[in-house]
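Chemist: All chains, please: the whole structure from these sequences, using the hints.
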Amino acid sequence: MNAILFSALWGIVMMFSGVFVKRKSTVSLLAIIGIVLLFVANAIELNTYQPFFYIDSWDMLRVNSFNLSFLAVVFGCTLLFFLLSASDILKVGEHGGEYFALIFFVLCGISLCATFNTLLILFIGIEIMSIPLYILTGSDKRNLKSNEAALKYFLMGSFFTGVMLMGIAFIYGGNPSASFYIDNIQLGKDALNPMIATGLVLLLISLSFKVSAAPFHFWTPDVYDGAPTVFTSFMATIVKVGAFFAFVRLFENSFGKIHTQWQTLLVVITVSTLLIGNITAVFQQSVKRMMAYSSIAQAGFMLFALFALNERAKEGLVLYSAAYSVATIGFFAILIKMKDYTIEGFNGMGQTNPVLGITATIFLLSLTGIPLTAGFQSKFYMLMAAVENGAHFWVVIAAVLLAAVSAYYYFRVIQAIWFKQPANANPVNEEEVSGSFKLLLIISAILIIVLGVYPELLIQWLYH
Amino acid sequence: MDIKYYIGLSLALFSIGIIGVLTRRNAILIFMCVELMLNAVNLLLVAFSKMHAMSGVAKASANYVADAQIFVFFIMVVAAAEVAVGLAIIVMLYRNTHSVDINFLNRLKN
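Chains as they are written, first to last, in our numbering: chain R, 1 to 464; chain H, 1001 to 1110.
A couple of the hints might just be wrong.
The calculated BS3-like cross-link candidates involving lysine-lysine, where the alpha carbons are at most 25 Å apart (straight line), are [stated by the list, open to error]:
1. R:LYS91 with R:LYS141
2. R:LYS337 with R:LYS24
3. R:LYS337 with R:LYS91
4. H:LYS1050 with R:LYS189
5. H:LYS1004 with R:LYS189
6. R:LYS141 with R:LYS24
Restraint-style ranges between C-beta atoms, simulated for each label pair [unchecked claim]:
7. H:ALA1080 with R:SER25: 29 to 39 Å
8. H:SER1099 with R:GLU388: 50 to 60 Å
9. R:GLN421 with H:VAL1083: 47 to 57 Å
10. H:HIS1098 with R:THR264: 47 to 57 Å
11. H:ALA1080 with R:LYS91: 24 to 34 Å
12. H:HIS1098 with R:GLU94: 17 to 27 Å
13. H:LEU1011 with R:GLU94: 38 to 48 Å
14. H:ALA1080 with R:GLY435: 45 to 55 Å
15. R:LYS22 with H:HIS1098: 34 to 44 Å
16. H:PHE1074 with R:TYR49: 20 to 30 Å
17. H:ILE1003 with R:TRP58: 25 to 35 Å
Here's a subset of chain R near chain H, in silico, CB distances under 8 Å, partners left out [said to hold, decoys possible]:
18. ASN147
19. PHE154
20. SER158
Derived from the structure by calculation, the hints contain no laboratory data. Given the structure is predicted, the values throughout are model-derived calculations rather than measurements. Glycine is no exception: its CB is placed at the ideal position from the N, C-alpha and C atoms.
Modeler: Quick look at the structure:
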């Protein structure tokens, strides 16, 4: 409850800061203060279960330790994102305050998505999350690629919003209790009510689009490639895990009882997501586009939370969100400083910039899922959940094989960093890399290793 | 009137919207078709709301009867917000390319 109020309020503060604050560094400082306050307010609520202002939401929002600790992960990752990339956000255009304001509104949408208890709040949350993103994607106004990405994202996003609303309407129509509450959907006496079944499939399609699961992933590479790189980093991590959390919450509470009936459908989505993401990423020359496909592949692993739908899967989802977000935000922060986004652009970075080289290697190892990194633990939790669930064991084997494929394209970058001779010029824009930037990269790399050795550090908060 | 006529009408509107999105090349026309889809949903929600109110099943849960109609207001507001953002994006594109034809949108492919 605190998170929703504070993120919306601070979005407005940031909007006014764009008008009244002239110095750019003050704007980014304000944003960092805001996200720290948001994190603290959320942590206080997680500890005491008392929001600062009690609002009777008629049970439309439900707050528990699970979704509050997920929000803590989201705000922590956003804090890391701001600390690493605030200066790059300000470089996108002259409206620095507005970009931060839009990011805070997205966080408000994620908070709604994490705590919703009716389909109405789900719809509003998804929309509050998406609409600012359309603007952020097109924020590089003179760049045709950015324009194109924004228009594509907007048209497809609003199309799938329509599909989602149709699903909600059918579920409402087929639900004899005439309610939008997600735990109050009566699925039918003997067989599944056909209207509910239609609604379920439409919701599955539209939420698969939002988390960029195949076969609804086609927008992802274009949009992630066209958007300014800082915002790609934000979209690929924080927004994606927010949408995933809404996806899992909805399907667990509404349709958990008939899990076996839609599990087969989900197997198709999971396997095709893993297959398309991993195989297509192999052929990419641009690292930015490769990371877009890699985010599809990682979404395939996160879909295992829906596939298994047990306690272990929910723990795994929170761990996966943290591990994936920290590694990807860190890697994108390094990518923004590169002069050349192709894989050859990384040649010899280990010799010219050892700190950046080592941390980039750790982030990529974590994304691959090498033991001792958080990426390994999170993939382990996901696969373990799927094994505990028991059905369709071959999917687990397929996932492991495709994770091995992912090693190929991540290691290509690592190979370029360490085993290729640097070109004449320094591959990194050296003047933009400050000491505190390096320190933060080292801290996030340590965070990844700590979570990889001791994941209970995060998971114990779920049962606080 | 029976509920199936309402379902038929709004599914027809929804399908026209989908076909329009898939076949049209003009960004503004695609956008209008998306709005048509949202309005099909509005119609269906109101019809279902009335159906539940008349069926008597919902009498036990009288609190919920108007929920769908309130939902429709939310959809209208969100659609208006989308229009504001969407038209701004289309205008931005028009300034740079002097066209709103989405066939021009192929720079990212290669």
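Chemist: For a quick check of understanding: which of the numbered hints are violated here, in increasing order?
Modeler: Failing hints: none at all.
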